[in-house]
Amino acid sequence: MAKASTTPMMEQYYEIKKQYPDAFLFYRVGDFYELFEDDAVKGAQILELTLTHRSNKTKNPIPMAGVPHLAVDTYVNTLVEKGYKVALCEQLEDPKKAKGMVKRGIIQLVTPGTMMNEGPNDAKDSNYLTSVVTTKSGFGLAYSDLSTGEIYATHLKSFEAVSNELLSLRTREVVYNGPLTEQNKDFMHKANITVSAPTPIEGEHAEISYVEQNLTNKAEKEATRQLVGYLLSTQKRSLAHLQIAKSYEVNQYLQMSHTVQNNLELVASAKTGKKMGSLFWVLDKTHTAMGGRLLKQWLARPLLNVDEINHREEMVQALLDGYFTRENAIDALKGVYDLERLTGRIAFGNVNARELLQLSRSLQAVPVILDALNQSDSQVLEDFAQKIDPLKGVAEMISTTLVKDPPILTTEGGLIREGVDKQLDRYKDAMNNGKKWLAQMEADERQKTGIDNLKVGYNKVFGYYIQVSNGNKSKVPLDRYTRKQTLTNADRYITPELKEHENLILEAQTRSTDLEYDLFVKLREEVKKYIPALQKLGGQLAALDVYCGFATVAEQNNYCRPHFHTDNQDIDVVNGRHPVVEKVMTAGSYIPNDVKMDSATNIFLITGPNMSGKSTYMRQMALIAIMAQVGSFVPADSADLPIFDQIFTRIGAADDLISGQSTFMVEMSEANDALQ
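Counting from 1, one number per residue, gives the positions in the sequence shown under my numbering.
In short, the hints are calculated from the structure, not lab data.
It cannot be assumed that every hint is accurate.
[As the list claims (entries may be wrong)] Below, in silico cross-link-like pairs of lysine-lysine (DSSO-like), each with a Cα-Cα straight-line distance of 27 Å or less:
#	residue 1	residue 2
1	K583	K271
2	K236	K274
3	K428	K499
4	K392	K82
5	K522	K236
6	K614	K596
7	K274	K190
8	K392	K334
9	K583	K387
10	K448	K404
11	K274	K136
12	K157	K103
13	K18	K236
14	K190	K271
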């Protein structure tokens, strides 16, 4: 709310802030984003900024803190990582051309579930925004990683099932359409999940219609509409990269609760929370960020369909048998950037020239990969290669338009190759000729005046000038030179001739820069047309990356290919090993174990003293089952397995703080789940 005797700028600030009371408002002023009032006080503390005050001469000075616009992403990420929201308020017109108050508006609301500017340490992590709607029969749930555009939807019967999905997805923000009970609020708080209200959806939106076209379940459609509506309202830009939502049933996959996944340490060590010591740590030999993310998704959702599992195993077997095929493919994959997230930045319109060249170089690696697969003796690899479109035209379009080493900023020129646009070439010729003229003028003036250290220079404030040191001022021809600036050790002058050429050079420079930006935008919009094809290609390369990784792990650790049967529940694992324990032990020191169960043996009672390996033996069998059903080979001499549809654990004793359960209650609940 505007305060008495505030300036027009602060009135504008208060009006915008009123619309986003629960977010930090980063308000653009010149080269800085400013925080005011409570945002400044709290932001200065969290971000370690200097807190100053605006209107110091008044009785109520306004707290203020600022960050440079070029470094804003770092500060925004810090706040969002801590669960806050940030509204970016940008100048919507050139301040130099504005009449009166500069127009400003919110260009993006960054929230924990919509953050895209993540660092390299987050490259193999997905960042999910989840939407939940309550229905008469239960709940609809949809989730998306905005950076990649993927969307999945399902329907669930209980909030317990919803909470398990939220924890399994490691979602950071939930858009929820109804009131939460105190118990559910407590769950969200302890799970560090930001809860946001849905945004009203008015009229028809092409993005929503496109995304939900394959959904038939009403609850799933409602959750998806709510999800996309929230994204549209917060991002305020094109979401052309959003993919068609895929419906799934939780029981389509091997079911594991969040507790089970933690107990088995699938993606992180239970002790440290880090990758090392987890199954993901053992299996992750991927060389692309998208491959690493896909592997995590597979570990969370092992397959039940034998044909799908066998297809993955056949790919791994072919790459294991074809050493040179695999190594050539891996070498090429090392040059592939994160196509999925690059595609998201292209759709958002914030991709820069260097990132487009990363896309081009990635696409240039695809023909090398295809050659490696096609030259193998494997039909399954050749079939896989036949489905890949290398998009050669896109790679060529980018590489022939952009210079090899463009600047990061797209608004300051230096982006476009010579020969791309005739008018641009003419502007650049004028600039180059102008620079040659300036060099010649400097030489001529030195000769005419006898001033050997005379210099022709430039700065943004005064433009081009002739600089003469104090010791040579007596030689200055004042009939031609006009003093423009006095320095401590020199004076700066202009001449009519220099001013004339300055206007010509700067005009060419300005027009050249503007035209280069226009040509870059045109290129970006042209590449945007290929977003669906790029997303498909990214998924294919990610899968190949995981297959190559599985083959490498199998070779390095002497894993075997598991075999499945569906006519009985017999288990026959010969010389099985715990994949993580084996990895951290000295080579050859792990003592393998058999697991044999048939119709006459449907339960094992394992006894023994503490530290004798009982839990390790049980975890070993669970991990072998998971590895087998994600398509990996397994640590054993042989493994003949049924298809497992659920895994339960009652291993170790620990409180479940998120659910508010004591150690005893956790033990009883897990035992009850396993017996039901």
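Evaluated hints:
Simply put, K583 and K271 have alpha-carbon atoms about 17 Å apart, close enough for the 27 Å limit, and the pair holds. With a C-alpha separation of about 35 Å, the suggested pair K236 and K274 falls outside the 27 Å cut-off, and the hint is violated. A hinted pair counts as satisfied when its Cα atoms are at most 27 Å apart, and K428 with K499 qualifies at roughly 19 Å. The suggested pairing of K392 with K82 is violated, with an alpha-carbon distance near 42 Å, which exceeds 27 Å.
For the given pair, K522 sits about 21 Å from K236 by alpha-carbon distance, which is consistent with the 27 Å threshold. Restraint check: the Cα-Cα separation between K614 and K596 comes to about 16 Å, which is no more than 27 Å; the hinted pair holds. Between K274 and K190 the alpha-carbon distance is near 20 Å, which keeps this suggested pair within the 27 Å criterion. Restraint check: the Cα-Cα separation between K392 and K334 comes to about 19 Å, which is no more than 27 Å; the hinted pair holds.
About 36 Å separates the Cα atoms of K583 and K387, which puts this hinted pair outside 27 Å; it is violated. Between K448 and K404, the direct Cα distance comes to roughly 42 Å. Violation of the 27 Å bound is thereby established for this hinted pair. Restraint check for K274 and K136: the C-alpha separation of about 40 Å exceeds 27 Å, so the hint is violated. Between the alpha carbons of K157 and K103 the distance comes to roughly 48 Å, so the proposed pair goes past 27 Å and is violated.
Note on K18 and K236: the hinted pairing holds, with a Cα-Cα distance of about 18 Å set against a maximum of 27 Å. Between K190 and K271, the direct Cα distance comes to roughly 18 Å. Compliance with the 27 Å bound is thereby established for this hinted pair.
The structure is inconsistent with the numbered hints 2, 4, 9, 10, 11, 12, although it conforms to all the rest.
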